[in-house]
Amino acid sequence: MSAGVSNRGDVGTVRTIDEILIRAPLERVFQVASGVERWPAILPHYRWVRFLDRRDGGGTVEMAAWRPFGLLRYPVWWVSEITVDRRACEVRYRHVRGITRGMDVVWRLVPQPNVLQDSALPSPPFRVGTPSGTAQPEAVLVTVVHEWRGPAWPLVGPLAASLVIGPVFIHGIASRTLVGIKRELEGADERE
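Per this note's numbering, the sequence shown runs over residues 1 to 192.
By construction, these hints were calculated from the structure, which means they are not laboratory data. Computed from a predicted model, the values in this text were never measured in an experiment. A portion of the hints provided could be inaccurate.
[What the hints assert, rightly or not] Ranges between beta-carbon positions, derived for each pair: (1) Pro111 x Leu72: 37 to 47 Å; (2) Glu27 x Val164: 34 to 44 Å; (3) Arg87 x Val156: 19 to 29 Å; (4) Val164 x Gln31: 12 to 22 Å; (5) Leu159 x Arg28: 35 to 45 Å; (6) Arg183 x Arg50: 31 to 41 Å; (7) Gly35 x Pro154: 15 to 25 Å; (8) Gly59 x Val156: 26 to 36 Å; (9) Arg54 x Val106: 27 to 37 Å; (10) Leu159 x Arg86: 37 to 47 Å; (11) Arg28 x Val106: 14 to 24 Å; (12) Gly35 x Val110: 30 to 40 Å; (13) Gly57 x Ala160: 31 to 41 Å.
Using N, Cα and C, we set each Cβ at its ideal position, and we do this for glycine too.
Required output: the full structure, derived from the provided sequences and hints.
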């Protein structure tokens with residue numbers, strides 16, 4: 001998994017990027033990534049996820065998670081407008097309530113053909129009879145980008161966002177979410 005936090009883009013904008021390769025079919029990865037109501041059942045750091053309003057392709061969702069610090073867990077909460085775009089293989093969020101109000105988030109799912117097997121990981125399922133006639137693993141690169149100008153706190157807002165909220169909280173929760181989704185999907189392949 002790779003991650004990064006930068007202040008690129010607009011001055012004062014914090015951008016965190018987390019990504020992970022998941023060895024599972026695109027449709028299954030998209031289903032789990034966009035099925036946020038199920039996250040508390042598969043991701044132990046999520047306390048709850050509830051739709052406050054549903055619309056075709058999205059709605060308003062309230063989410064709460066824990067950010068662990070050793071034996072301690074810090075509770076976090078936010079409300080987002082979610083848009084699920086199956087055609088683009090993207091899930092977009094606009095945070096509308098909570099300390100991260102104004103944050104834009106995009107989950108991008110990109111199929112990765114010809115992925116080499118990592119010997120440290122369990123064997124993924126293979127598709128047989130691909131156009132080249134060779135067996136290739138199905139894999140999806142999931143990239144989560146958060147962009148935010150920080151909380152509306154005079155003077156310290158951008159500093160708090162770039163030094164603490166982005167790298168500690170946003171990255172901390174996003175990276176756990178990606179690892180948990182990977183574990184759920186790749187573990188499910190092992191059980192089938």
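Here is what the structure says about each hint:
1. Take proline 111 and leucine 72: their Cβ atoms lie about 39 Å apart, and the range 37 to 47 Å holds.
2. The hint said 34 to 44 Å for the Cβ distance between glutamate 27 and valine 164, and at roughly 37 Å that hint holds.
3. One distance hint, 19 to 29 Å for the beta-carbon pair arginine 87 and valine 156, is violated here, with the actual separation near 41 Å.
4. A beta carbon spacing of about 33 Å between valine 164 and glutamine 31 contradicts the range 12 to 22 Å that was offered as a hint.
5. Our hint of 35 to 45 Å for leucine 159 and arginine 28 holds, since their Cβ atoms are close to 41 Å apart.
6. One distance hint, 31 to 41 Å for the beta-carbon pair arginine 183 and arginine 50, is violated here, with the actual separation near 24 Å.
7. Distance hint check for glycine 35 and proline 154: the Cβ-Cβ separation is about 39 Å, which falls outside the suggested range of 15 to 25 Å.
8. Between glycine 59 and valine 156 the C-beta distance comes to about 33 Å, which sits within the given range of 26 to 36 Å.
9. Our hint of 27 to 37 Å for arginine 54 and valine 106 is violated, since their Cβ atoms are close to 20 Å apart.
10. A hinted range of 37 to 47 Å for the beta carbons of leucine 159 and arginine 86 is consistent with their spacing of about 39 Å.
11. Checked against the hint of 14 to 24 Å, the pair arginine 28 and valine 106 passes, with Cβ atoms roughly 20 Å apart.
12. At roughly 19 Å, the beta-carbon separation of glycine 35 and valine 110 lies outside the given 30 to 40 Å, and the hint is violated.
13. For glycine 57 and alanine 160, the Cβ-Cβ distance of about 33 Å falls inside the hinted range of 31 to 41 Å, so the restraint holds.
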